[in-house]
Amino acid sequence: MSVDSMFVHKMWDETELSKMVDGGIPFPMLSDGAGRVGTIYGIYDADAGVETRGRFIIDPDGIIQGYEVLTPPVGRNVAESLRQIQAFQLVRASKGTEATPSGWKPGKPTLKPGIDLVGKVYTEWKTDMAFDD
Amino acid sequence: MGEELDVSCARPVSGAVGEDSPETAEKEQQEEKEAKNMIMVGRKAPDFTAPAYHKCKFVNITLSDYAGKWVVLCFYPGDFTFV
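Residue numbers (the working numbering), protein chains in the order written: chain A, 1 to 133; chain B, 1 to 83.
Excised from the complex, chain B in its bound form:
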């Protein structure tokens, strides 16, 4: 599932290097607000799109593409850690 990505070293950025554009700062504020308000059982899971490795491909994964399915979203500290 998801759109396949070109393999490159570029990362999506906005604004000048080392300087947040007003748009980014505004977005961060909004995200902080979301962080305080949005996680609660019985409420909608915040949607996101993130790059992923899946079965030998690099793809973009969007949570809302999984509507109609049960999803387990797992976070963990890091690859090659022990637990």
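This is chain A alone, in the form it adopts within the complex:
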């Protein structure tokens, strides 16, 4: 979503993005002309008249599980967004019985919060697990 019109979205997809992605952008490119949606989401920069780089992960119940906002010159890390979605999906599937510690990615162990884990996290999680292998 940006402040560009849907007409500009069409031209951008046709002339440039479809040369990066086969078949063009597969998801809807939304238009937020006056920045109203961006204002509600707290990421519209009224002085510059543009949206900043806000990214919101919304679960199937419509709950915001996470967000990230960057100033325009720095791009996002898509792999990190996907990792967060996978983590939120795992937690949801476990109905909250599992949690993903720092550095978790698919295949790494989760934590099972409960009275037995109090003061014992060090037995399950080591600091090197915060980093990629």
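If you are wondering where the hints come from, they were derived from the structure by calculation, not from laboratory data. Fair warning: there could be bad hints in the mix.
Stated by the list, open to error - Derived lysine-lysine pairs resembling DSS-like cross-links, with alpha carbons at most 25 Å apart: (1) B:69 / A:95; (2) B:44 / A:95; (3) B:55 / A:19; (4) A:105 / B:69.
Starting from the known structure of chain A, fit chain B onto it as the hints suggest.
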């Protein structure tokens, strides 16, 4: 997903040109209030409907139509920018 739009140059407006109708002003105040209160992890995402370009069509997209699915909502500064 979403209702297909007629292609036209008209934009939805309310009130006289250059003058906010009381209704609009009230709505803006409400939106400002929402902006302060509504974004928080663990809380409902504010619903909206916005026009969009999707697979060679112009459509209206409503966030709540995606209930039951995971949604990534991304904002960015502008088309044809570099990053």
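Item to check | Hints breached by this structure | outcome: Every hint satisfied by this model.
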